[in-house]
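> Listed below, chain by chain, are the residues.
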Amino acid sequence: MKEINLKNRKKYKLSIISAALIILIIVIIFSLSTGTIEIKISEIIEIFRGGLKNTFVWHIVTNVRLPRILTGVLVGINLAISGVLLQGILRNPIASPNIIGVNAGAGLAAVAIMTLFPGKMNFIPFAAFGGALLATLLIYILATRSSSASSTVHIVLAGVAVSSILGALTSALMMLNSDVLEISYSWLQGSLSGRSWTSFKMIWPYTLLGLFISIIISPKINLFSLGDEMAGSIGLPTKFYRTLIILTSSILAGSAVSVAGTIGFVGLIAPHAARLFIGNDHRYLVPLSALFGAILLVLSDTLARTLFQPIELSVGIITSILGGPFFLFLLYKKGKIQINK
Amino acid sequence: MLEARGLNFSYGKKQILKNVQLTADKGQIISLIGPNGSGKSTLLRCLSGLLPVEKNKIYLFDKSLDSFNSKDIAKKIAFLPQFHEKLSGLTVYDLVAMGRMPYHRSGWVYTAKDKDIIDWAIDYMKISEFKNRDVQMLSGGERQRVWIAMILAQDTPIILLDEPVTYMDLKHQWNMLEIIKNLKNNFQKTVISVFHDINHAIEISDYIYLLENGSIYNTGTPEEVITEKSIHDVFEINAHVCKINRCCKSVVVPVGFYKPQEMFSFHPSNENYKEKTSLK
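Sequence lines, in order, name chains A and B.
The first sequence begins at 780 in my numbering and counts up by one.
The second sequence begins at 156 in my numbering and counts up by one.
Be aware that a few hints might be false.
Unchecked claim - Subject to a maximum C-alpha distance of 16 Å in a straight line, what follows is the list of computed EDC-like cross-link-like pairs (lysine to aspartate or glutamate):
#, chain 1, residue 1, chain 2, residue 2
1, B, Lys173, B, Glu367
2, B, Lys226, A, Glu1008
3, B, Lys181, B, Glu209
4, B, Lys230, B, Asp310
5, B, Lys398, B, Glu378
6, B, Lys241, A, Glu1008
7, B, Lys230, B, Glu240
8, B, Lys270, B, Asp310
9, A, Lys789, B, Asp289
Treat the hints as calculated values from the structure; they're not laboratory data.
Just so we're clear, the structure is a prediction, and the values are computed from it rather than from any experiment.
Please model the complete structure; the sequences and the hints are all you need to start from.
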């Protein structure tokens, strides 16, 4: 009787994940069809079946909208998984890729290229990725140097401190070079505007790797919710996994930021929204957060490019405007956000 | 089974444990008692392998603890800390199932044997009626039973407990003591536990280790260790150690700093003693 109960729970979780996957596909099709030029769903289906080759509509779908949308899917997945990993091991509800310095590091590196080496704009994605990883590394070293017992707290604190220093340096660079203020500001807000298959190709290996690692080790992330000490006493090499997880989430968020700029909020709210539906078991939470992140990002990007056309808003603005109230709604509707602390 | 041979431990420059000798054999309940900061919890953590200790100081089944990896230790020693993280979004079953982690590479699949042990632990701790409930919804006493079920699922010969009854009401305290006794009587588990309440330690222990400033002040059976003198020396407080009719174990009744001369036969020449008594 109770055994059936447990199986039902599993079934329920899997059905929510399937539902999210279907919603994502619907959102992608909706996004493909909307824009300055409306494209009929029947035409999109025709194109996917291999028809309408080399027509104007075919060109828009396969070379303009599809790469942008799929890049958005991957960016959403990366940010969401990065967030869920960090919230899991740091046991901190406001943990997100920001906390390990990804945004601040990438931002500083990107703005430095824009202001100091304006001729090398192509180099921005790599610099941003590198900046993100370096910032994480710096925070990690600072945090683990100080103590091992409470290093999760130290990571959060070191993260806040390092991020604010890097953020200040970024602002200083921007003010001293006001000619690039507009592009640097828009980069810092995050945008998928004009992203092509090149961006997609840059990010997919990291998404695949990150997704693979996160799903494999998701049962171990559950153990971190017991506290580092208890996790250690049931045989988890906590130091190894903490390092692996922070590195993975830095690579995920860093690669996302490098193609889309610093998009805030997705890494924070996608995991929380997912948690409200299926609880804290990371075996299910990781895939559902990934799907939620992708849905949120694609939906936001569609709105960003269509709301005030021909002017495009930054997608980061929409994720916050759309995500914030949705988050608050969930918060009040479902009582409270569930997190381990 | 588990032994400390001349164990020292320091946090930075501060030495916490000095030359600690401890032996735990099969089916024994051993209590660690002592004032706050005397090193009981640190000793427990050293024994559990969670703290980095010098080589060849702790022996598990006659092999140095540092020759085991963390998974192998987790198959032999279960440890329950005093403070638990507040958990939510996990069911009782999920939590108990985590105890099987040392026997797994990935943690994705549970074998039939795992499921049997998990079900047994849940039944044994009488928590099956709420095994599908969110851990967050439980009361403190129920939650402690869930944690014990989890370390039972870990299926280890040795169990280390850090103040397992603190913050419980009287009934739950004595329930928990009963559970610990049964671990010994029914399954020959070795239990090493930190207690704050000396009476709890007397009630269930085979041996007591009384710690003072990181050293063992005295060790032996409860009757040997818990005396009015030792309580005064270590806890710096006066107490009666008495036997109440029909009750086979001694009971410690603290009386504070009052009138020590009338109640105790220790040496008034002790300078510390004069200082302490003037404090009142």
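> Against each hint, give a clear statement of whether it holds in the structure.
Status of the hints after comparison with the structure:
no.: 1; hint: Lys173(B) <-> Glu367(B); result: 10 Å, holds
no.: 2; hint: Lys226(B) <-> Glu1008(A); result: 14 Å, holds
no.: 3; hint: Lys181(B) <-> Glu209(B); result: 25 Å, violated
no.: 4; hint: Lys230(B) <-> Asp310(B); result: 7 Å, holds
no.: 5; hint: Lys398(B) <-> Glu378(B); result: 11 Å, holds
no.: 6; hint: Lys241(B) <-> Glu1008(A); result: 14 Å, holds
no.: 7; hint: Lys230(B) <-> Glu240(B); result: 22 Å, violated
no.: 8; hint: Lys270(B) <-> Asp310(B); result: 13 Å, holds
no.: 9; hint: Lys789(A) <-> Asp289(B); result: 15 Å, holds
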